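Here are the chains, one letter per residue:
Number of protein chains: 2
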Amino acid sequence: MDIDLDGLEILSPEECWALLATAKLGRVGVSVGALPAIFPVNFAIDGETVLFRTGPGTKLRAAVDKAVVAFEVDQVDEQSRTGWSVLVVGQCSEVDGPRAVSDATHAGLDSWAGGERDHVVRLSSEFVSGRRIAATEGSG
Amino acid sequence: MDIDLDGLEILSPEECWALLATAKLGRVGVSVGALPAIFPVNFAIDGETVLFRTGPGTKLRAAVDKAVVAFEVDQVDEQSRTGWSVLVVGQCSEVDGPRAVSDATHAGLDSWAGGERDHVVRLSSEFVSGRRIAATEGSG
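Those protein sequence lines, which keep their order, are chains A and B.
Those letters in the first sequence? Residues -19 to 120, by the working numbering.
Those letters in the second sequence? Residues -19 to 120, by the working numbering.
Hints are computed from structural coordinates only; laboratory data are not their basis.
Fair warning: this is a prediction, and the values are worked out from it, not measured in the lab.
Worth double-checking, as some hints may not be accurate.
Unchecked claim - Simulated pairs of lysine to any residue, SDA-like, Cα-Cα distance not exceeding 20 Å: (1) B:K4 - A:S60; (2) A:K46 - A:E28; (3) A:K39 - B:I(-17); (4) A:K4 - B:Q59; (5) B:K46 - B:L15.
Using the sequences provided together with the hints, build the complete structure.
Here you go:
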C-alpha cells in the first residue's frame, strides 16, 4: 500500500475508475476571467472519459471550451471520518448535436440542476489520481 | 430572487456565509506544476475568511503559498435533487506558529485526514458567490 506525504493511501488508476463509477456529482475546476473557479456538475463515466453537461451561454461552458481542467469527486463519511477523493485532469471537448444526446444517454448522464443543460462536454483523462482517507489516532 | 443563465437562484453574500457555516468539508482548486488540481479539505469560517489545514511538504501546501485559489462548498440531496453551492475566491496566507493553533481552535477547525496537518492556511474572501439548486420539471 503506497502512502503519500499526508499519510493517505494512494489509489491505483483502476481503483480510481471503480470509485468514480459509484458517484454522480463531481466538481470542475476552471479559470473564469483569469480567476480560479469550481462548479459542481453531474457526471457519468464513458470508457476512460468523463461526461458532464453545461448550460448554454454559461460561464462554465465558456471556461471548459478546449480547456485543460481538473475534475474531482470525493465521498466522505463525517461520522467514521473515512472516505476517498479522485482527481482527473484532462482536456475538455464539446460533444456536438445528436451525438451529445446519444452519448449522454448511453453513459447514463443525468442532470437535475434547474434550467436547460443541452451541452455535453467530454473530459479526457490525461492524469488520474486518488487518495483514500482513513481515520488515524492523533491526527489533526 | 435573481436567477442566473442556468436557471439557478443566485445567493446573496449573507446567504453564502450562513451556508458555509453549516459545512465542514470543502474543496480547494489550485495549480500544481502548471496543471489544475482540486483537493478536499476540512475548513472553518473565521470572520469573513476560511481556515483550513495542509500537511507539511505536500503539494497542497506548496500550491496555496500566497496563491489566489478557488474554494468551493456544496451540499446536495440526490433524492430531492436540491442543494446549494458556494464559491470563495481569495488569496492564501499561512498562519504561523502558536497563532495557527489558537486561530484554528477558536474557529473550531477540525482535521481528520490521516497524518500530521500542522499548517493552517487562511483564505481571504475577495469574491463570494453562490447558487441554490432546485429541481425543475423538464430539466436535462
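> Can the restraint linking K46 of chain B and L15 of chain B be considered satisfied, given a maximum Cα separation of 20 Å?
Replying inline: At roughly 17 Å apart (the allowed maximum being 20 Å), L15 of chain B and K46 of chain B satisfy the hint.
>> For K4 of chain A and Q59 of chain B, compute the direct alpha-carbon distance and say whether it is at most 20 Å.
In response: holds (12 Å)
> Is the straight-line distance between the alpha-carbon of K46 of chain A and that of E28 of chain A 20 Å or less?
Replying inline: Judged against 20 Å, a Cα distance of about 18 Å means the pair holds.
> Has the given pair, K39 of chain A with I(-17) of chain B, been kept, meaning a C-alpha gap of at most 20 Å?
Replying inline: holds (14 Å)
>> So if I understand the rule, the pair passes when the alpha-carbon distance is 20 Å or less; does K4 of chain B with S60 of chain A pass?
In response: holds (14 Å)
Going down the numbered hints, you'll see the structure goes against none, and every one checks out.
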